[in-house]
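Colleague: Residues per chain, in single letters:
Number of protein chains: 2
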Amino acid sequence: MQLLIPQWLLCLNHSAEVLENHAVLLNENLILAIGPRNELVKQYPQAEPVDLTGQVLMPGLINCHTHAAMNLLRGAADDLALHDWLQTRIWPLEGALADAEFVYDGTVLAAAEMLLGGTTTFNDMYFFPEQVAQAALDVGSRVFAGITVIEFPTRYASEAKQYIELGLAARDKFILEPTVHWTLAPHAPYTVSDETFKHMAMLAEEMDLPIHCHLHETESEVNDAISRDGIRPFERFENLGLINERFMAVHGVHLSERELRTMAAKGASLVHCPSSNLKLASGFAPVAGALKAGVNVVVGTDGAASNNKLDMWDEGRLASLLCKGTSGDATAFNAGELLLSMTCHAAKALGADHLIGRIAIGLQADLIAVAVGEAPHQLPNHNLTSKLAYSGASRDVTHVWVAGVQVVQSQQLVGKRSELVGEIMRKTQRVWQTRVEKVG
Amino acid sequence: MQLLIPQWLLCLNHSAEVLENHAVLLNENLILAIGPRNELVKQYPQAEPVDLTGQVLMPGLINCHTHAAMNLLRGAADDLALHDWLQTRIWPLEGALADAEFVYDGTVLAAAEMLLGGTTTFNDMYFFPEQVAQAALDVGSRVFAGITVIEFPTRYASEAKQYIELGLAARDKFILEPTVHWTLAPHAPYTVSDETFKHMAMLAEEMDLPIHCHLHETESEVNDAISRDGIRPFERFENLGLINERFMAVHGVHLSERELRTMAAKGASLVHCPSSNLKLASGFAPVAGALKAGVNVVVGTDGAASNNKLDMWDEGRLASLLCKGTSGDATAFNAGELLLSMTCHAAKALGADHLIGRIAIGLQADLIAVAVGEAPHQLPNHNLTSKLAYSGASRDVTHVWVAGVQVVQSQQLVGKRSELVGEIMRKTQRVWQTRVEKVG
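As you go down the protein sequences, you meet chains A and B in turn.
When we follow UniProt numbering, the leftmost residue of the first sequence carries the number 1, and every step to the right adds one.
When we follow UniProt numbering, the leftmost residue of the second sequence carries the number 1, and every step to the right adds one.
Hint data in this document are derived by calculation from the structure and do not stem from the laboratory.
Just so you know, even glycine gets a beta-carbon here, dropped at the ideal spot from N, CA and C.
Be aware that a few hints might be false.
[Unchecked claim] Now the stretches of chain B that chain A is said to cover, found in silico as 3 or more residues with beta-carbon under 8 Å:
#1 75 to 86
#2 107 to 113
#3 316 to 328
#4 388 to 395
#5 426 to 434
[Unchecked claim] Label pairs and their in silico Cβ distance ranges:
#6 S410(B) - E101(A): 28 to 38 Å
#7 A96(A) - D329(B): 21 to 31 Å
#8 R155(A) - E17(B): 30 to 40 Å
#9 A265(A) - G230(B): 47 to 57 Å
#10 G362(B) - S15(A): 53 to 63 Å
#11 D51(B) - G294(A): 49 to 59 Å
Take these sequences, add in the hints, and give me the full structure.
Modeller: Following this line, the structure appears as structure tokens:
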């Protein structure tokens, strides 16, 4: 048992209230008790105290959409229009390089970057999810690996059926790992058939899994679909029975008010990826409208090839600022709402609010300690919630626990995971950079 | 003499070209030579070599607009509409607290935050510029202190004439300090009279100083001026003879195409402050249009009360992403242009391109070393310019020189300045937080 004694405690248990002089008791992987520091110290004399003076303890951040392995392609395709980005850079690079080794190595780097910045969970969509899960496990992150499906052959699989089979087999392999979770991840309306979507909707029900899918990322995606199908992709998804509380619509840049109301009514979530939408000039997601309609809005970094960071502090801050700017309402998506969206609401989107996203008794101990008074950029501290939302930074995260295991101490990965990451970093400089250059 | 030997050299001397195996020779405050590493090592055996393996050496970043002392108000006024932000929070807080001590302490924190993040120069607008200059000098930053003028009484001065007199006296006091520079900083069209603007335009000519002024920040500023004066503030400024190569228009959110063409023709600069514009819901500055028209576009963080960071990496990245998003052109404001805007072009805006902003022989040695291969978030390195622009971060800056003096080593302030900053940090937590709370 460990007794974490921070200066401030932000449970984000459906509220952004800040507690002082409180402590959190961990028992193995779980949060066993939360209460006034003095009482818990007396009540649990056998617990090992962890002094977090000057720090905030809060739930780990949850990145609701990424392609972690694409960390190896960070900076390989910048300042390009979406079409060129995909067709002249990303697809050729993936075609040449994205094998199991690439996915494992890229995901190790991504998981390490995220953990060191306080992101304890990431929701991934990529080929070779078995390697994604293994990499997350080896680094110490919690992962929602995507059973990713695309209706054309890649180095991973040849057709939808095989993507699904391989994904389900990977899921079986990690069934006993409590930090490895799964989603169904059909790629997009324009790359997956109705038949496959229906099959995946059925699997989601049978296996109680979330579905996450790119949707309405660009205007041309919507217009092309109207030309082809006579209806918008969202309506097609409604007809396929996909829009429900299991569903996470990634991007949703071009969603109408009607569609947002439907999402709210059905309990679907919007995964907002503001950096990627700006960088690829996809447009501005209607976040203020979504929040107003009651949609569960959460945040994702997307992959490093279109961001180019996996930094949830930066991404969340941008989501809030952009919502204020586009709505003309400086009070929109306020600090408390933002912190909840990156923790508590993100867990709900993943169907995991009984497990993670809050500091509450019985939940998994996925926790981070954040320094707020040790460097000039952290001062002063007039309002802790707002401080974390608008000037919080990855570099301020000092300690990280995932399922009660301390994985980061004093801003360094703990134990063997540090050696693993060092090894993959050296390999990236030695091997992957050259391989990417060769593809040109 | 010091011989800096980085792995990569980015001179940003009107180009974003990356050099390898090059070194830079410093002699006291100046850059004495740039050339192939082996040649310089042979040619200057007496120079002390500084090994920067794995690092990029580049010019220090230049923050073209801030109110540094407002660091003490970071987080004290968030999630508020501009009107409430100013009238219910900022002005009462400044009225109660913004004295010489406040300005010195706040500027020390701000200068330290910026230096540690690789911003070697900041262009300031605030009361008590004497304290601004002294704080910058004590911390080791280069500063452009603003001779700030506002047409109403504050704790600093009672009327325009006195603001100017005090400002000029402060300038005289630091006349022998080579890292202390000055601008004329009339606050805004709605707070300064024609008479005062004319006087300042004359002073600018006489003393060869830049003028920097908030302009067209909000739509209501423009509309109110039309109601009052019959013309837009920009046209008023044209009539007053202010729009020329000395002029920096801060914000410029609501500038027309005609106004942008005039700025380009006259050589005026636009200081874009994207975080502040979004956070206060002021709108989206027409940056793509400005670049297309040929305006010198540079970047500022604004003060910490409306940002809430003084982080030029974040601010520049946001400027570029937002330009892509608003223009619908993912190739706009590309990585190289962005890095130039934060260095070389910023120096031009300040009338100081003969002194700073580039690595060139005879210029001041204002330099930073940035780690690009030491942490997972820094990898890989497919394109250095793009890496720095889109995933560069304050935490990656390891060494900083200002006028040849090393002020940051291994991410720590060097020497006495570290003690000073530590002392002001403790005072901020002990004294300033309480004083701000008391104002309520």
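Colleague: Compare the structure with the hints numbered earlier in the document and write down the numbers of the violated ones, lowest to highest.
Modeller: Violated hints: none at all, because every hint is consistent with the structure.
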